[in-house]
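In order, the protein sequence lines correspond to chains P and E. This note's numbering applies: residue 2 is where the first sequence begins, and numbers increase by one. This note's numbering applies: residue 412 is where the second sequence begins, and numbers increase by one.
Hints were generated in silico from the structure; no laboratory data involved. Since the model is a prediction, treat every value here as computed from it, not as a measurement. A portion of the hints provided could be inaccurate.
[What the hints assert, rightly or not] Example chain P residues on the side facing chain E (calculated, C-beta under 8 Å, incomplete):
#1 Gln43
#2 Pro45
#3 Phe55
#4 Arg74
#5 Val77
#6 Tyr79
#7 Phe80
Virtual Cβ for every residue (Gly too), placed ideally from N, Cα, C.
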Amino acid sequence: MAKKIIIPQVDVSSHRLVPKHIRLTDDEKKVVLDKYNIALSQLPRISRADPALFEMEINPGDIIKIIRPSVARGEVDYFRVVI
Amino acid sequence: MRGVYKNIKTIKFSLMSPQQIKKYAAAKIVTAEIYDKEGYPVDGGLMDTRLGVIDPGLRCKTCSGKLKECIGHFGYIDLARPVIHIKYLKAVQIFLQHTCDECSRLLLDDELYLEQKTKYDKFISEGKYNSAKALSALIRKKAKTAKKCPHCKAPQPAIKIEKPSTFLHDNKRLSPIEVRARLEKISDDDCRLIGVNPEFARPEWMILSLFAIPPVTMRPSITLESGERSEDDLTHKLGDIVRINQRLFENINAGAPEIIIEDLWDLLQYHVTTFFDNGIAQVPPARHRSGQPLKTITERIKSKEGRFRHNLAGKRVNYAGRTVISGDPKIGFNEVGVPKEICMELTVPERITEWNIEWLKEFIKRGPKDYPGANYVIVEGSKKKKITPETQEVILDELLPGQVVERHLINGDVCIFNRQPSLHRMSIMCHKVKVLPGKSFRLNPAVCNPYNADFDGDEMNLHVPQTEEARAEAEMLMEVGTQIIGPKDGLNVIGCTQDAITGNFLLTRKKTRMPKEEAIQMLLKVGVDNYPKMAKFKKEVTGKEVFSALLPDDFNFVGFSKTCLKCNECKKRKCDYDAYVFIEKGNLLTGKIDKGTIGESNGSLLRDIHRLNSAEITMDYFGKIFKLGLASLEKRGFTVTTSDADIPDAILTKAKSAIKKSMVDVDELVAQSKKNKIKPFSGKTIEETLELMILQKLNEARNKIGEMVSKSTTSDNNMIIMARSGGRGNILNLAQTGVLVGQQALRGKRIEKGYRNRTLSLFQEHDKSAEARGFVRHSYKQGLNPVEFFFHAMTGRDSLMDTALRTPKSGYLYRRLANALQDLKVEYDQTVRDANKTIIQFTYGDDNIDVSKSENGTIDVKKIINEVQEGA
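If we strip away everything but chain E, and leave its shape as in the complex, we get (with noise of 0.2 Å):
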């Protein structure tokens, strides 16, 4: 590590005078051209070796550096005549404004004046900088109304300016030789008061005469691979720059007409123009030959592919790969599956010890090409060594001990797993290698959800910490186990989806039971190592016997399934559907495991295993118990087909007739509202009032099905089995298919859009009954007719385009909320501050609670208690 040599105390800004750029010059730059036959860089040329080098080999002819060593010189042109910059316009036409057309003083009457004068030598004598910026903002709103000056009493008509940058002066054109001359007058007190330093940016200095020409360094042309070159953007509109005000000068000289020159003149001001930004409103864009703009000064800064964001708040990096993913849930939480090829090309630094010099010797031997492998020895103070069948013996002859071999990935290895878009922390986790055939990067499926992953073609990015301190902290901090509790809501991000979900429901169900044969089998298979429990096992087991056998044996927890209708008083263990989840030192006695206990942010269950054991135990338990979840399916098998849609003939017709009332329902409103029947609600009118009735009296219908539905079925149809666990779907989707699929809303309300008065043209105008609107009648097993199926594509359409245009807009609000919040911390007096020390929030959150140490928000303070009596 090199130490700091120059500390940086402040940075001044300023113009660069005439003077200026002459003395940093290097080189004054006389022609357009820049090789000559030979190919050297010409001297006066655009490329002359005294504003630095950019080809290996060659030396700067200014401080006679080599290739980065030498930083690049500036050099000059004279300009024929001046011309304005671009980006100080606004404030050339401040300058003008403010002061007379006549004798340039500043347009204040001398009362006024020495006021403002004293009070801002004042302010500046006491360090106050900010109150004498404001004074100059007060003076320049003073100085700009006077209609006549009150030193001169010249009148004193309005500037302005004619874009893209020419001043109109009593709609004259000022040429920049006349605003260069008025500027010159301004005196340096008069700067001062308008707010700007002449010591640091005297007016004129802002109309060009010098033209700064960048070091070659900062434009270096690229060597094509057929020996071509090819200039940067800025050498050639510097090109174009040098050509025009050569002309400029040959005509001068000549004694040219003066429109000749004017044009001329004008084209300068163009080049120059677009020199310093080719993106300016009412310039056309210089192009390329190809017809692309070209990217000049402003274009390298700005925007996204900028020098800011693109260059320097963004880094790229090595030992980093990135592939597509897919699901494993055979592999641990905390692991990645790494394909093969990609192990063999990211490579984990290994320094030599005398005790794992002959393990390594392994890798060095099998070499790049075999797996497991080594690419690299590094010696200290020489170069990388690449290992190759030539190299390979003398590098094993020469390994010592304290040199460095960069082996391939192994099994355990650990690395750093990451999904864009990275919104979270849980974005970015640790993981432990796990090597396997195919190319794809495989990870469990219970973390998809910290991730946001699936695998309909997603891609991740996986890096490897190439130092212990960086793989101990990945460890610590970063590790699956130790973000198992999100930080917004103290709620569980890992926990069992899908299959494990319907797996442990079904298990876990009363009717469950298996011979002691398979109950065990089926524990080993999982990892289950209770022997002492398994032992207790009578000839049949049940289903709750067997999630008991995982639990810790000192575990208790009281908790409710999904299924809990939250009745008034609760029966407890009696409960009639078995909902209260009761365990007793480990024992599960009561209730149905599901998604209400171990789910994804649901999971209470999960959360208080986590909350009494290391995050390593924790994951331990979680892994198990979601493969005991697949294993209960593998073992009694689960699939869905259409007859589980079937809705039982009985409940069909009631439903149908439902559905029938329902329609007549909204047809005799229609009917009540044509007599001025309806009473509106309050704040709505008759036509809106009637919309929601009838939207409410489809909705009412809807529900009523969903129910019929929900009691209807047996509970062992395997949809219903999937929408009760919370394993997927739910009871409407089922309703949907089987029954109705109901009304179709476009922002809420019933379809409207379409023709005049009606959405289709086979309806009457103003038809409010329901199938005019968009309700469905029919279920998607039934099948819809046209109209049906054409409200239904209008709905899925307009989701479609929600979507896909809310992702972007919401993409933007984060960034910018991001960019606020992002140095908010919370003091040791517990207040919120930002980097100014300015407060935000007197206690956080105004309660001071820590909402990742609390469940959803709330601290369960009861919970508490009992706990510690318990324990006491």
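For reference, chain P alone in the conformation it holds in the complex (with noise of 0.2 Å):
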């Protein structure tokens, strides 16, 4: 049985914690997969609720670019594919 899925209430992508979530264009998806040589189900995955997409217009199937700060490298890029 699928889960249901609890749409969020609140907007938790301004807060300090919380990295910025960029939906990536046809363009960029392709060029991802192809840095990878993978397919999108190689991908790790994120929720279409997860909270940090609140209000985002996003479909199954899209990548979210996460951009992470980090101690060593000042930021990392991180892609989820949207389910």
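Could you fit the two chains together into a complex? Lean on the hints.
Structure representation (structure tokens):
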């Protein structure tokens, strides 16, 4: 049975502990998939109900780029596919 | 080595149809008797020789194979009445729920049915099996909601399961026969849409009408010492099934009343159920006469003692030993002391060549009873030959190059040493054998840390690699020397401990001086052979010079002692506390050597030596530093007495007044709170704020006293020396023995438990004073009063419970973590992926730092640049 998706009520994206989430365009998507030579299913996932994606226009299959702060490297990119 | 002669491409699991059971069966079992009067298996009994053989010498009647050649054959029995297979109960329910009670058609109306079917067929023809699976789940969801059959309009009451194994339809019992009749009517297409391929699993096969009897080889009987035969649990269970089945047949044929037949039927159902799973809720487990539950099919597979974790994931080995460990600082870090008895039992296979034949002959001549001897000789193509006084001469006469001698362990043999739990790669390391008298394994205290071992009764395992490859691999990859740096943070797991730290600390203190003769004697005892450096010794030698004698000549080092106060402006070599460790060209110029430079995981000096030298050389230096510490302690003598915890009276009175003052302060705070004068901290209630403030006050007092103690006692106090050097204990321990034990805390708070609103009945309710909430104002030396003692015992018991409960919890946590992470690896494109090549991290650790090559997770770029510049 699929779990019921609960739509988040609060926007947490401006909280200082929540890294920036950006939706990639189709072109950017292709670049990422080509770079790592993978199919969409091989990416880490993110729920479309994730609070960080509050009120973002997203569809399953989109790639979200997450820019995380890092002590050693400043900023680190991480990619997740919306499910 | 045998080659691959059959390669498995796919495995298909399916249900067995009654036809299949009959086809595979080698015999029909008709009687519950097992053996006849002479003790031979009865034909048509459960141990029928057509089902395979378990006795040596007998031949299988089906394939005429001997024991171990014949893997066994299935048999079958006709069940008088069908029974439900307990493991398919849920599946049967699904079939019943989604099909009509009357016409057995899938509960979808024609339009929807057609739509779903075309969709489903499309997925299958395109090979999209996962999508088809998802669609089936969807179809099941849709069909379940129907109240009425869309085809024959029959109402559809819900099908319920009455535990353990009966179906209720409109609150009437459905017999397995009825269930089976319904399942038979379901069409193949409907089966597919529900999500089952009828080619491999027709739903009616989930109701057993024929029962497959597993081969004897999977339920061998054991002959006890008394000559009695003890049957396997499965055979017992099968006996029950066959017996009840027989009775059921007889009763049916005799036309017995329906109630009796029903009862027997239920009994048959019970036996068949427990045959598959003896641990089902609401089913009383079938038991032996002794009362212990039978181990049937599911119990054989499941859990830690089951087939997977016990037999497939876990294997037992030969050439291994286990005994208690004890410490021996005189053997090398990479050695392990092995008792002679064990050395004579564990062996190394050594191939005879024309160069070692004479040497090995001596071993054989000494035989298995004299050390160092040999136990077996292996001649290619024939069996292992045991060396005994009778066989000895024959073996020696026939000895040829190419044969293999299994000789006793001797000094220097490679072995693998392990302590459970093996949480680390350092929990299994390669050591060299050192044959010692006694009955325990001996290991150097310095390697206790990686194994997490102590000598309070710990046992460890020893394994002897049996091939050249295994030995080479163990030596190259697992030697203690290769494991100095731990992979989790790049710090050293092996370093000086306890005495070795205290000894080196005392030696390298500023005031240590000794005559030249003593210094040289000490160094020679340790094994230092740097004679040029020793030649430079003057008549009186400082401890720092002695330590320098064992450093490499080209070694430069800068570091800080544990005593470093981290002043704002470092005075470097002019440090007032001699905490700036400076080594130039192998000479220790300033600084004390202590836990900060040679300790476990803090050993910056040890790591620098390791970085510049091979593992072998490093281990040599490590050993010498360790032994020098011990030697210097031996020379000076070292002990601790109760008087070491004596605090000068002046300090003691000062401390006492400090305690008094803080207790008065606490009372003052409590008084204020009564007058509502406490301002709460944000997010805290007034009570919580009061507690926090009191706790802070009392901690303040304890820290102040710790400081006083640390400043008061002379540096010739052995307890202080140990605390300062980091060898053992800390100042707080000293303060607790000498001045006061302090506040007892239960889960981070003062003690609150006990009676209503008070801790003990001798206090008033709501007494928040220090002494009523677990403040111990006496020292261990003074002795605690009964109330204090009680509070102290409370925290003591709490921490004991805590450790006892935490260990198994963290063990299970580790198991889950290890299972989840075991297939992760860094790929060539620097991503971390699992076995499916699914990405876990895009760059290792998000920063690409290999922590095992860093120091505590960071890389000191400045240090590297300095070194490169110096080198150029």
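Verification of the supplied hints:
no.	hint	verdict
1	Gln43	5 Å, holds
2	Pro45	6 Å, holds
3	Phe55	24 Å, violated
4	Arg74	5 Å, holds
5	Val77	5 Å, holds
6	Tyr79	6 Å, holds
7	Phe80	7 Å, holds
The structure is inconsistent with hint 3 alone, although it conforms to all the rest.
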